[in-house]
Amino acid sequence: GQNIDQPTEMTATEGAIVQINCTYQTSGFNGLFWYQQHAGEAPTFLSYNVLDGLEEKGRFSSFLSRSKGYSYLLLKELQMKDSASYLCAVRDGDYKLSFGAGTTVTVRA
Amino acid sequence: TAGITQAPTSQILAAGRSMTLRCTQDMRHNAMYWYRQDLGLGLRLIHYSNTAGTTGKGEVPDGYSVSRANTDDFPLTLASAVPSQTSVYFCASSGGPDTGELFFGEGSRLTVL
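In the order they appear, the protein sequences are chains A and B. Just add 35 to the spot in the first sequence (first one is 1) and you have the working numbering. Just add 331 to the spot in the second sequence (first one is 1) and you have the working numbering.
No lab work stands behind these hints: they were computed from the structure. A portion of the hints provided could be inaccurate.
Each computed SDA-like pair below joins lysine to any residue, with the alpha-carbon atoms no more than 25 Å apart [claimed, not checked]:
no., chain 1, residue 1, chain 2, residue 2
1, B, K388, B, F434
2, B, K388, A, Q60
3, B, K388, A, K111
4, A, K92, B, G426
5, A, K92, A, S62
6, B, K388, A, T79
7, A, K111, A, A144
8, A, K103, B, E432
9, A, K92, B, G334
10, A, K103, A, M115
11, B, K388, B, S398
12, B, K388, A, K103
13, B, K388, A, K92
14, A, K116, B, G334
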């Protein structure tokens, strides 16, 4: 199985930047994903990294270091609507996707 | 665009009863998955299917069975429900191993008493 760790909760101010870290141990690696999940809703896809480096998509960026088993999701110019749970997920050698427990981000005015 | 449809949205079930959660997708995706989500534990994979006619066990398969008779449908059956199966169940699909993104249904909230 997979071992995926991310912080449980983070709080930040509207307009600020927050970085959510994710570390993982996996048998085989075929990509790391970040999903956003608002309370009571289904997860939605945010980003995908399979090679080392930074992927930028608007206010969201995701970084991957395969040698360190490490990723982060960077949320810039935080808005109130960004209050949600952010899920780190790793696809293993069998192409199964396993999720971390999620990081709840609260954005305060 | 429907995407993935799950039914029922919510269900209360007596322990010992059987239940089938339905999942249908209209995107012609090859791969489909069932996850359960519990507070503090995140999403855990129950069963998956990489293509019609094949299924595999995930992290927490005990007490659940699936079938994949065609591309569109992937039902999840609880043969004899127990209270520990109280959870929110999400069905998801993806285009296959070369594509990453999972598309999720809206979830089915099951309470076993």
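Here is what the structure says about each hint:
no.	hint	verdict
1	K388(B) - F434(B)	20 Å, holds
2	K388(B) - Q60(A)	20 Å, holds
3	K388(B) - K111(A)	38 Å, violated
4	K92(A) - G426(B)	22 Å, holds
5	K92(A) - S62(A)	28 Å, violated
6	K388(B) - T79(A)	24 Å, holds
7	K111(A) - A144(A)	15 Å, holds
8	K103(A) - E432(B)	23 Å, holds
9	K92(A) - G334(B)	24 Å, holds
10	K103(A) - M115(A)	32 Å, violated
11	K388(B) - S398(B)	12 Å, holds
12	K388(B) - K103(A)	29 Å, violated
13	K388(B) - K92(A)	34 Å, violated
14	K116(A) - G334(B)	24 Å, holds
Violation of the numbered hints given earlier is confined to hints 3, 5, 10, 12 and 13; the remaining hints are satisfied by the structure.
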